[in-house]
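There are 2 protein chains.
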Amino acid sequence: MSNEGFIVTPWEVRGEVDYERLIREFGTQPLDEELLRRVEKHTGTLHLLFRRKVFFSHRDFDWILDKYEKGEEFALYTGRGPSGHTHIGHLVPWILTQHLQEKFGAELYFQMTDDEKYLHDPSLSLKTSIHFTYENALDVIACGFEKGKTFIFSDIHYAKTLYGIAVQVAKHITTSTIKAVFGFTDSTNIGMIFFPAIQAAPCFLPSILKGKNVPVLIPAAIDQDNYWRGVAREVAPKLGFYKPAQLHSKFLPGLGRGGKMSASEPETAIYTVDPPEVVTKKVMNAYTGGRATVEEQRKLGGQPEICPVYHYYHMLFEPDDKAVGEIHISCRSGNLLCGECKARLAERVRRFLADHQRRREKAKDHLQDYFLKD
Amino acid sequence: MSNEGFIVTPWEVRGEVDYERLIREFGTQPLDEELLRRVEKHTGTLHLLFRRKVFFSHRDFDWILDKYEKGEEFALYTGRGPSGHTHIGHLVPWILTQHLQEKFGAELYFQMTDDEKYLHDPSLSLKTSIHFTYENALDVIACGFEKGKTFIFSDIHYAKTLYGIAVQVAKHITTSTIKAVFGFTDSTNIGMIFFPAIQAAPCFLPSILKGKNVPVLIPAAIDQDNYWRGVAREVAPKLGFYKPAQLHSKFLPGLGRGGKMSASEPETAIYTVDPPEVVTKKVMNAYTGGRATVEEQRKLGGQPEICPVYHYYHMLFEPDDKAVGEIHISCRSGNLLCGECKARLAERVRRFLADHQRRREKAKDHLQDYFLKD
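Heads up: the protein sequence lines correspond to chains A and B, in order. Heads up: the first sequence is residues 61 to 434, going by the numbering used here. Heads up: the second sequence is residues 61 to 434, going by the numbering used here.
These are computed hints drawn from the structure, not numbers from a lab. Please read these numbers as outputs of a predicted model, since none were measured by experiment. Incorrect hints may have been included.
Here are the in silico distance ranges between beta carbons for each label pair [to be verified]:
#1 R111/B / Q428/A: 55 to 61 Å
#2 D181/A / H102/B: 44 to 50 Å
#3 D246/A / N273/B: 30 to 36 Å
#4 H191/B / G300/A: 15 to 21 Å
#5 G300/A / G87/B: 42 to 48 Å
#6 N345/B / K298/A: 39 to 45 Å
For lysine-lysine, the following PhoX-like pairs were computed, each having C-alpha atoms within a straight-line distance of at most 25 Å [what the hints assert, rightly or not]:
#7 K163/A / K422/A
#8 K433/A / K220/A
#9 K303/A / K187/B
#10 K187/A / K270/B
#11 K207/B / K270/B
#12 K220/A / K270/B
#13 K220/B / K424/A
#14 K187/A / K382/B
#15 K424/B / K187/B
#16 K220/A / K187/B
#17 K341/B / K187/A
#18 K298/A / K272/A
#19 K101/B / K209/B
#20 K220/B / K220/A
#21 K433/B / K187/A
#22 K220/A / K209/B
#23 K272/A / K187/B
#24 K433/A / K207/A
#25 K382/B / K433/A
#26 K187/B / K433/A
#27 K270/A / K187/B
#28 K187/A / K220/B
#29 K163/A / K270/A
#30 K270/A / K209/A
#31 K341/B / K320/B
#32 K320/B / K113/B
#33 K270/B / K303/B
#34 K113/B / K382/B
#35 K113/A / K320/A
#36 K220/A / K433/B
Ideal Cβ placement from N, Cα and C applies to all residues, glycine included.
Isolated chain A (complex conformation) (with noise of 0.2 Å):
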């Protein structure tokens, strides 16, 4: 959807977004408290991004533990762009996947669309794309994910497989469909209004492979949500598969003023093969909620809703709720100041990468054991 001051589509996330009026308008339900407290009878403490409402709307999630409370499992399904480096942002929805693979013991597939990007950026060759897909899958991995449950792929070297699902899913979508969906036009190339029939493949290979009706859930950033709208939910049943159910979480923004971190600005955004000193150098450089002076802050306070230093306290470095609500108060009072908080926010960020980075590392010794490949 894109109107009055921003943008949210599967490529481009501009401006300050209004998550509630994307519930109205994307037409998902709020993850609301009933369903947490249902969440919680299951994983024991209620995960960060949940409790923060970085997972914020839900398709069918209720569904989802309706099947489960009665004994069936279900497969979690996300994925990953691979046009460059794996950022911070990009773990957000990684990270809860894990949690949820290791609570409800459900196995992940993760698809690697090293297609979508080569065919979407003209300077993209397919060799980059697919050297990406390896190097972004060390990040899944390092996540904790469990080998043997988790199965990562890439579109192109898994064609064998999926290509067989797209053709199945496509003969069911027309292009007009597509081009409502997308935005795209007579001038988009074959390839990209192919693509969302390779998106939505993923969705019914549970089935497929298992030879039975897998429900499935895509915890993913909402910006994805019309692929699954508009895509699998449409053609599962004439397939005879379950609709794919969706976590939807808001994003991570970027180190400067407004918007999603975004690999388009590198100095804003934190990879994680960053190493600490530029770390320190882009946090030290961000953009804050603070005042023009230290005279100013102190008399009116700085702006945390505004401040992506308190946004990545709250939806990522600061576990501890009372902690996280010291931050915001001495902010606002004027006690903090910005200074202050981001050197402190480095260093979690430092620490939080220097664990990421050796699990990454490791991750190298068994990267194939987490490929599916035919």
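Following the hints, complete the assembly by docking chain B onto the known chain A.
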């Protein structure tokens, strides 16, 4: 193309086809005497399908011969849409292709477009289409292609390699180009929109497998021409490959009145799996260029030019040029009546099919040896 009295597209051939006009409208070159003499130098006696102008048109076949004469090997590429059993009309290009393989020592890449047939025909299941991939492959092998130089592949089962090539083609082809070339609309499913990229992919497959640019020659009925003209030949230079060359054949007519042999009129098509009594019945029921009564025919003579029975002798079943000329003369003179002429043809076809079916049966033992898999 579609105009006054006849239609020729990849999905439909109707009416009396004016082949001279197709050459002009498609912008191809006639296979002239000079070129045929050049072929003869390499093949010895000119093949019946060249001599009788069943193959009548080309693109860049002279360039293929240039390359060959300079010592550069070329590859052959042709294919089949496996929507049902093979009929003898399908065999025409395969017979010439086998001859070219034998005389020029060329590798053959043979595409089974099970994806296209499934996507195009609402009533066809993917399973059935894939089933006929392997059924039809038996007929290909029965034509005498050389093991180790002949690589058959199913679009679905070989997608691991094909899809990666097809996305490279697709990136350079807009939806409006595909609409213009194939007459597709926004109601066309997105699989059909993408499929031309899959059909173009094998033009570049030999080059990719060999790691060097390989000239490719495509012998096929002329209704397939717009695939190569509108897609593969457009994209080739952008991807750094040679443009594929083509040899175009006429259509073997059906046994009814007008039009090519077509599975949509099964009583007028002779299938390679038809038993002898069915062949006899179909041939004896054929439409002919004969007159309403024997008396009239004795007086006026028959009309071989509009007679499928005569065309079968001419295109396939009477290799002796003198003998085929005699059939023509004795038909025109009213000496040869249709009953006798059909009975003789039925005998020829039965013998042809008995041989073919024997080789087809033997092919079952080494079917997989001819298939490309990854």
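Against the structure, the hints:
1. Distance hint for R111/B and Q428/A: a CB-CB separation of about 56 Å, consistent with the stated range 55 to 61 Å.
2. For the pair D181/A and H102/B, the beta carbons lie near 46 Å from each other, so the given range of 44 to 50 Å is met.
3. Between D246/A and N273/B, the C-beta spacing of about 32 Å keeps the proposed range 30 to 36 Å intact.
4. Separated by about 20 Å at the C-beta atoms, H191/B and G300/A satisfy the suggested range of 15 to 21 Å.
5. The hinted window of 42 to 48 Å between G300/A and G87/B holds, with their beta carbons roughly 46 Å apart.
6. A beta carbon spacing of about 41 Å between N345/B and K298/A agrees with the range 39 to 45 Å that was offered as a hint.
7. With a CA separation close to 24 Å, the supplied pair K163/A and K422/A stays within the 25 Å bound.
8. Under the criterion of a C-alpha separation no larger than 25 Å, the hint pairing K433/A with K220/A is consistent with the structure, at around 9 Å.
9. For the hint linking K303/A to K187/B, the alpha-carbon distance of about 23 Å falls within 25 Å, and the restraint holds.
10. Among the hinted pairs, K187/A with K270/B is consistent with the structure: their alpha-carbon atoms are about 18 Å apart, no more than 25 Å.
11. The straight-line distance between the Cα atoms of K207/B and K270/B is roughly 18 Å, inside the 25 Å bound, and the hint therefore holds.
12. For the hint linking K220/A to K270/B, the alpha-carbon distance of about 21 Å falls within 25 Å, and the restraint holds.
13. A hinted pair counts as satisfied when its Cα atoms are at most 25 Å apart, and K220/B with K424/A qualifies at roughly 24 Å.
14. With a C-alpha separation of about 59 Å, the suggested pair K187/A and K382/B falls outside the 25 Å cut-off, and the hint is violated.
15. For the hint linking K424/B to K187/B, the alpha-carbon distance of about 19 Å falls within 25 Å, and the restraint holds.
16. A C-alpha spacing of about 15 Å is found between K220/A and K187/B, which places the hinted pair at or below 25 Å, so the restraint holds.
17. Taken as a hint, the K341/B and K187/A pair is broken in the structure, with Cα atoms around 58 Å apart against an allowance of 25 Å.
18. Simply put, K298/A and K272/A have alpha-carbon atoms about 16 Å apart, close enough for the 25 Å limit, and the pair holds.
19. For a cut-off of 25 Å, the pair hint linking K101/B to K209/B stands: about 23 Å separates their Cα positions.
20. As the CA atoms of K220/B and K220/A are separated by approximately 4 Å, the hinted pair is consistent with the 25 Å bound.
21. For the proposed pair K433/B and K187/A, the alpha carbon gap of about 22 Å is at most 25 Å, so the pair holds.
22. The suggested pairing of K220/A with K209/B holds, with an alpha-carbon distance near 23 Å, which does not exceed 25 Å.
23. Simply put, K272/A and K187/B have alpha-carbon atoms about 18 Å apart, close enough for the 25 Å limit, and the pair holds.
24. For the given pair, K433/A sits about 15 Å from K207/A by alpha-carbon distance, which is consistent with the 25 Å threshold.
25. Taking the CA atoms of K382/B and K433/A, the gap is near 59 Å; set against the 25 Å cutoff, the hint is violated.
26. For the hint linking K187/B to K433/A, the alpha-carbon distance of about 22 Å falls within 25 Å, and the restraint holds.
27. The suggested pairing of K270/A with K187/B holds, with an alpha-carbon distance near 18 Å, which does not exceed 25 Å.
28. For a cut-off of 25 Å, the pair hint linking K187/A to K220/B stands: about 15 Å separates their Cα positions.
29. This hinted pair checks out: K163/A and K270/A have alpha carbons roughly 21 Å apart, not beyond 25 Å.
30. For a cut-off of 25 Å, the pair hint linking K270/A to K209/A stands: about 13 Å separates their Cα positions.
31. A distance of roughly 19 Å separates the Cα atoms of K341/B and K320/B; the hinted pair therefore holds under the 25 Å criterion.
32. Simply put, K320/B and K113/B have alpha-carbon atoms about 16 Å apart, close enough for the 25 Å limit, and the pair holds.
33. The suggested pairing of K270/B with K303/B holds, with an alpha-carbon distance near 17 Å, which does not exceed 25 Å.
34. For the suggested pair K113/B and K382/B, the alpha carbons sit about 16 Å apart, so the restraint of at most 25 Å is met.
35. Between the alpha carbons of K113/A and K320/A the distance comes to roughly 16 Å, so the proposed pair stays at or under 25 Å and holds.
36. A hinted pair counts as satisfied when its Cα atoms are at most 25 Å apart, and K220/A with K433/B qualifies at roughly 9 Å.
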